[in-house]
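J.: Can you build the whole structure from these sequences, using the hints too?
Those letters in the sequence shown? Residues 29 to 205, by the working numbering.
Do not rely on the hints blindly, as some may be mistaken.
[As the list claims (entries may be wrong)] Pairs of lysine to any residue residues, derived as SDA-like cross-links and limited to a Cα-Cα distance of at most 25 Å, are as follows:
1) Lys104 with Ala124
2) Lys116 with Asn188
3) Lys181 with Asp155
[Stated by the list, open to error] Derived Cβ-Cβ restraints for the label pairs, each shown as a range:
4) Asn178 with Glu71: 32 to 38 Å
5) Glu71 with Pro40: 53 to 59 Å
6) Ser201 with Gly83: 45 to 51 Å
7) Phe184 with Ala118: 22 to 28 Å
8) Ser201 with Ala117: 31 to 37 Å
9) Gly130 with Arg160: 17 to 23 Å
The set of hints was computed from the structure by calculation and includes no laboratory data. Think of the CB as a built atom: it goes at the ideal place given N, C-alpha and C, for glycine as much as any other residue.
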Amino acid sequence: APVPTDAPTDAPTDAPSDAPTPAPTPDPTPEPTPAPTPAPTPEPLVCDAGMYPVGEVCEYCPEGTYSAGGQDACDKCPAGQTSESGAKAASECFVARSCAWGDAHVCDRETGCTFGCESDFCWSQCDGACPRLDLIGCHGCKEWCWLSGNGEKYHFCTENSQCAAVKRNSCASTCTI
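T.: Okay, here's the thing in C-alpha cells:
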C-alpha cells in the first residue's frame, strides 16, 4: 500500500492512500446556485361588504355610497339619496330627512330623529304629543326620551357616538316636551 507523503506529489498515485491528506484539496467548489426566484405575488385585497380597499387595508364606504364587497370602489347611491357610512347595498340608501334640533345634536337622517348623550345616558327625539303622519321616524316636534339599553333599562354613555348603536331603540321613559 502506498505511504502518505508530507507534501503533495506532482502526479496522482495509482491507488488512494489509507489516510486523508493533511490539507484541503485545491479542487474548485461547485458553481453557485442561480439567484432565487422573486417573492410570490401577494393575494389581492378583497374587502367585505360595506368596505373598499385603500392601499393594504379596507375602509368603510363613506356616506352616500355602498359596496356589496369585493369591489375596488364604493358605488354612489341613486340621485337624491344618501346612506350611512359602511352601507352594504343600494337598499340601504335613503332620502335624507331633517331633524327638529338641526345641527345642534346628532341627526339620524334616515328617520329624522335627533339623538345623543346627555347626563351619561342616551336620548332620542320622539313623538308623544306631536301628530304623526306615519309610523316611521320623527315628525319635527322637539320631544325627547331616554333610550332603552341593550339588556339594561337605559344606555350609559359619555359621548354622542356611543349612542349610535341604540339610536333606534325604544324609549325607556315617557316622551317629554
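J.: All hints, please: hold or fail.
T.: So, going through the hints one by one against the coordinates:
Restraint check: the Cα-Cα separation between Lys104 and Ala124 comes to about 15 Å, which is no more than 25 Å; the hinted pair holds. Using a Cα cut-off of 25 Å, the hinted pair Lys116 and Asn188 holds, with the two alpha carbons roughly 24 Å apart. Pair hint Lys181 plus Asp155 holds up; C-alpha atoms about 20 Å apart against a cutoff of 25 Å. In this structure, Asn178 and Glu71 meet the distance hint of 32 to 38 Å, their C-beta atoms being roughly 37 Å apart.
For Glu71 paired with Pro40, a C-beta distance near 57 Å keeps the hint of 53 to 59 Å intact. In this structure the supplied range 45 to 51 Å holds for Ser201 paired with Gly83, their Cβ-Cβ distance being about 46 Å. Hint check: Phe184 to Ala118, Cβ distance near 35 Å, so the stated range 22 to 28 Å is violated. Between Ser201 and Ala117, the C-beta spacing of about 35 Å keeps the proposed range 31 to 37 Å intact.
For Gly130 and Arg160, the hinted distance range of 17 to 23 Å is satisfied, since their beta carbons lie about 21 Å from each other.
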